[in-house]
Amino acid sequence: MTARFLFTDVTGTVPDAEEIAHKAELFRQQTGVAPFIVVLPDINNEASLRQNGKAMLAHAVSSMSNVKGSVLLLFTTREPRLIMITNGQVESGLDDKHLGLLVENHTLAYLHADLWYQGINNALAILQAQILKQPMPPLTYYPHPGQQHENDPPGSTTTLGLFAWAVAFIVFAAFFNYTTRLYYALKFAVAMAVANMGYQALCLYIDNSFAITRISPLWAGLIGVCTFIAALLWTSKR
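Here the working numbering runs 95 ahead of the position in the sequence shown, where the first position is 1.
Some hints could be false.
[What the hints assert, rightly or not] Ranges between beta-carbon positions, derived for each pair:
(1) Asn272 with Arg309: 31 to 41 Å
(2) Cys321 with Tyr278: 10 to 20 Å
(3) Glu113 with Tyr278: 49 to 59 Å
(4) Gln124 with Gly293: 44 to 54 Å
(5) Gln124 with Tyr236: 18 to 28 Å
(6) Ile324 with Asp209: 38 to 48 Å
(7) Tyr300 with Arg276: 31 to 41 Å
(8) Gly293 with Met159: 22 to 32 Å
(9) Glu113 with Glu141: 27 to 37 Å
(10) Leu144 with Asn303: 34 to 44 Å
(11) Phe258 with Phe100: 43 to 53 Å
[To be verified] List of simulated lysine-lysine pairs, DSS-like, C-alpha gap at most 25 Å:
(12) Lys192 with Lys228
(13) Lys192 with Lys149
(14) Lys149 with Lys228
(15) Lys163 with Lys228
Note that these hints are calculated values from the structure, not bench results.
Since this is a predicted model, take the numbers as computed values, not measurements.
In this text, a Cβ means the ideal position worked out from N, Cα and C, and glycines have one as well.
Please construct the entire structure, taking both the sequences and the accompanying hints into account.
Structure, rendered in structure tokens:
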């Protein structure tokens, strides 16, 4: 059975489905419990689902090896909810009702904030801690792979940024006339800081996400400080 079978999102709400499926497979390997995660807009008959849930889980794990239990984590998007059903063989120290309430209470805040990727990861973490008799995990933000660099200054995570810095340094070195060592380094620093803000703006424009508020003056300032120090060291023997 592939990990993809453990996660189904018919709404297209959750980003990075493959990453969620991979984490569900890790959960299965570490706990011996197969988590079936399903994301739906809504459910029509919750009572029927709960009544037939154990049978559905038993059928789902019938062809799986090294599994001692299974759990269905059903997320609804129209009205954010988490419904949890086990096959009755999940040894967590709590009955199914209280285990479901525990996981749901620690997850709903994420869902109401449209943080579905984080909410699902949190639900798995809480459930795993209960099954393995571990302490409750701390409140954690789980950025999905596409988010890992979204708060970084524009262009700072690409090799183009380093290349642009080197080119600008060479251009300014050829352009500026040497006066005093301190004044020369200061001119260099200001020019590089301004050039960096222009570079950030260009990266945002190319990415069709230009906004003045997304330009990081702190990043430009850091470039300026580094340039100032580099220029001082470079001219130390003049």
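Evaluation of the provided hints:
1. Between Asn272 and Arg309 the CB atoms are about 35 Å apart, so this pair conforms to the stated range of 31 to 41 Å.
2. Look at Cys321 against Tyr278: about 18 Å separates their beta carbons, and that is inside 10 to 20 Å.
3. Between Glu113 and Tyr278 the beta carbon distance is about 55 Å. The supplied range of 49 to 59 Å therefore holds.
4. Gln124 and Gly293 have their C-beta atoms about 49 Å apart, which keeps the hinted 44 to 54 Å range intact.
5. Restraint check, Gln124 to Tyr236: a C-beta distance of roughly 24 Å satisfies the suggested window 18 to 28 Å.
6. At about 44 Å, the CB distance of Ile324 to Asp209 agrees with the hint of 38 to 48 Å.
7. Tyr300 and Arg276 have their C-beta atoms about 36 Å apart, which keeps the hinted 31 to 41 Å range intact.
8. Between Gly293 and Met159 the beta carbons are some 57 Å apart, a value that contradicts the proposed interval 22 to 32 Å.
9. Taking 27 to 37 Å as the suggested C-beta distance range, the pair Glu113 and Glu141 conforms, at roughly 29 Å.
10. A beta carbon spacing of about 43 Å between Leu144 and Asn303 agrees with the range 34 to 44 Å that was offered as a hint.
11. At about 44 Å, the CB distance of Phe258 to Phe100 agrees with the hint of 43 to 53 Å.
12. For the proposed pair Lys192 and Lys228, the alpha carbon gap of about 18 Å is at most 25 Å, so the pair holds.
13. The straight-line distance between the Cα atoms of Lys192 and Lys149 is roughly 14 Å, inside the 25 Å bound, and the hint therefore holds.
14. Of the supplied pair hints, the one linking Lys149 and Lys228 holds, its CA atoms being roughly 23 Å apart against a limit of 25 Å.
15. The straight-line distance between the Cα atoms of Lys163 and Lys228 is roughly 16 Å, inside the 25 Å bound, and the hint therefore holds.
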